[in-house]
Amino acid sequence: MNKEKYSHIDDNQLLQNFYADKNNEWLGILLQRYTLLLLGVCMKYLKNEEEAKDGVQQVFLKAITELHKYKVDYFKSWLYMVAKNHCLMKLRDKGKHAVEINEQVLAAPDETTDKKKHLEKDAALSNMETALQQLNPEQLQCVTLFYLEKKSYQEITQVSGYNLLQVKSHIQNGKRNLKILLERLQKNER
Amino acid sequence: MNDDLKDILANSNKDIDNQQLMNYLTNELSKADTHDMEKEMVEDDFLNDAVEGLQKIESKKNMEAYVEQLNTSLQKQTEKNKKRKEKRRLKDDTYTYLTILIILILLVIGYVVIKKYIEAKPNTNSTTNRQLTKEM
Numbered sequence: 001m002n003k004e005k006y007s008h009i010d011d012n013q014l015l016q017n018f019y020a021d022k023n024n025e026w027l028g029i030l031l032q033r034y035t036l037l038l039l040g041v042c043m044k045y046l047k048n049e050e051e052a053k054d055g056v057q058q059v060f061l062k063a064i065t066e067l068h069k070y071k072v073d074y075f076k077s078w079l080y081m082v083a084k085n086h087c088l089m090k091l092r093d094k095g096k097h098a099v100e101i102n103e104q105v106l107a108a109p110d111e112t113t114d115k116k117k118h119l120e121k122d123a124a125l126s127n128m129e130t131a132l133q134q135l136n137p138e139q140l141q142c143v144t145l146f147y148l149e150k151k152s153y154q155e156i157t158q159v160s161g162y163n164l165l166q167v168k169s170h171i172q173n174g175k176r177n178l179k180i181l182l183e184r185l186q187k188n189e190r
Numbered sequence: 191m192n193d194d195l196k197d198i199l200a201n202s203n204k205d206i207d208n209q210q211l212m213n214y215l216t217n218e219l220s221k222a223d224t225h226d227m228e229k230e231m232v233e234d235d236f237l238n239d240a241v242e243g244l245q246k247i248e249s250k251k252n253m254e255a256y257v258e259q260l261n262t263s264l265q266k267q268t269e270k271n272k273k274r275k276e277k278r279r280l281k282d283d284t285y286t287y288l289t290i291l292i293i294l295i296l297l298v299i300g301y302v303v304i305k306k307y308i309e310a311k312p313n314t315n316s317t318t319n320r321q322l323t324k325e326m
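As you go down the protein sequences, you meet chains A and B in turn.
Its first residue numbered 1, the first sequence is counted upward by one per residue in this note's numbering.
Its first residue numbered 191, the second sequence is counted upward by one per residue in this note's numbering.
Calculated directly from the structure, the hints in this document are not laboratory data.
Where is the CB? At the ideal position from N, CA and C, for every residue including glycine.
Keep in mind that a hint or two might mislead.
Claimed, not checked - Straight-line C-alpha distance at most 20 Å; calculated PhoX-like pairs for lysine-lysine:
| id | chain 1 | residue 1 | chain 2 | residue 2 |
| --- | --- | --- | --- | --- |
| 1 | A | LYS175 | B | LYS229 |
| 2 | A | LYS53 | B | LYS266 |
| 3 | A | LYS179 | B | LYS229 |
| 4 | A | LYS71 | A | LYS22 |
To be verified - Okay, the calculated bits of chain A under chain B, using three or more residues with CB under 8 Å as the criterion:
| id | segment |
| --- | --- |
| 5 | 32-40 |
| 6 | 44-54 |
As the list claims (entries may be wrong) - Among chain A residues calculated to face chain B with C-beta under 8 Å, some are:
| id | residue |
| --- | --- |
| 7 | GLU25 |
| 8 | PHE60 |
| 9 | LYS76 |
| 10 | TYR80 |
Make the full structure from the sequences, and use the hints.
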């Protein structure tokens, strides 16, 4: 099947088409959209190009088998979970790391609750500036440069002197802390 | 400013454009697009992990070749499964027709054999009777 020909069909529709006629070719089109991302995830955990390639093939196989058995609602999150679990299992088998597969890894993220939460958060924007000021200096600097001044990771590393990993971590942790601070502020208002 | 603040907690779930991702990895995106991509990465763990992994592959040409190979093998796999399914269905049908044919043949043979047997029985009886009369 031609990849371009189906570019107008979204992931969910492709999945529904598959559930309707159980034709694996729909899964072929759907999974091809994620080959690059899956290769990246496998490469991140397995750190070897050949192993990452094998990993992607096994994830494809697993996805095809599992999708015949049960219905999946959030394909992208589910596929990410399958890939991540596969890599962690592989690492555990190899004994490279004592990887603990905790509930967070196994549980698929609940996107509906997430979206609802974010909508609630949007309503509390007035508290944002207050919350921003309560972040630690590193997180405040990175979050401000990234979101408000729209600087790229690379530019932030140059401005702040932190390395790329630190910048990413300050942005992610800063964002998480902002959510927590906002929740606290909202509770205090009530 | 307010819009920018809103952006911090926005939870976008956009589909990832592979070409855009490739361009990001090869530093071919504009400043604004780079920033958009990085914002997506903060929102999306899948994309973030993928970028971190793909940055470990040194040759971008290799990366494209790997994707091509994986897609070809995936395509073969999904087509093969379909062919196998069709073949199996055809095989199943052949067995059904064959079974019906064998049953029909057996029925015909059975009918012929029974008919012959019934026809042959009175003849045997009359021969025996004739022999008995002769002996007397």
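These are the hints, each one checked on the structure:
Pair hint LYS175 (chain A) plus LYS229 (chain B) holds up; C-alpha atoms about 11 Å apart against a cutoff of 20 Å. Restraint check for LYS53 (chain A) and LYS266 (chain B): the C-alpha separation of about 16 Å stays at or below 20 Å, so the hint holds. Among the hinted pairs, LYS179 (chain A) with LYS229 (chain B) is consistent with the structure: their alpha-carbon atoms are about 16 Å apart, no more than 20 Å. Restraint check for LYS71 (chain A) and LYS22 (chain A): satisfied, since their Cα atoms lie roughly 12 Å apart, inside the 20 Å limit.
A count of 8 residues in the segment 32-40 of chain A with a Cβ less than 8 Å from any Cβ of chain B is obtained; the coverage claim is therefore met, three being the minimum. Look at the segment 44-54 of chain A against chain B: 6 of its residues bring a Cβ nearer than 8 Å to a Cβ of that chain, three or more, so the hint holds. A least Cβ separation of about 5 Å between GLU25 (chain A) and chain B falls short of the 8 Å threshold, and the interface hint therefore holds. Below 8 Å, beta-carbon pairs count as interface contacts, and PHE60 (chain A) has one with chain B at about 5 Å; its hint therefore holds.
Here the hint on LYS76 (chain A) is kept, as its CB sits about 7 Å from the closest CB of chain B, short of 8 Å. This hint holds: TYR80 (chain A) has a C-beta 4 Å from the nearest C-beta of chain B, less than the 8 Å allowed.
Comparing the model with each numbered hint stated earlier shows that all of them hold.
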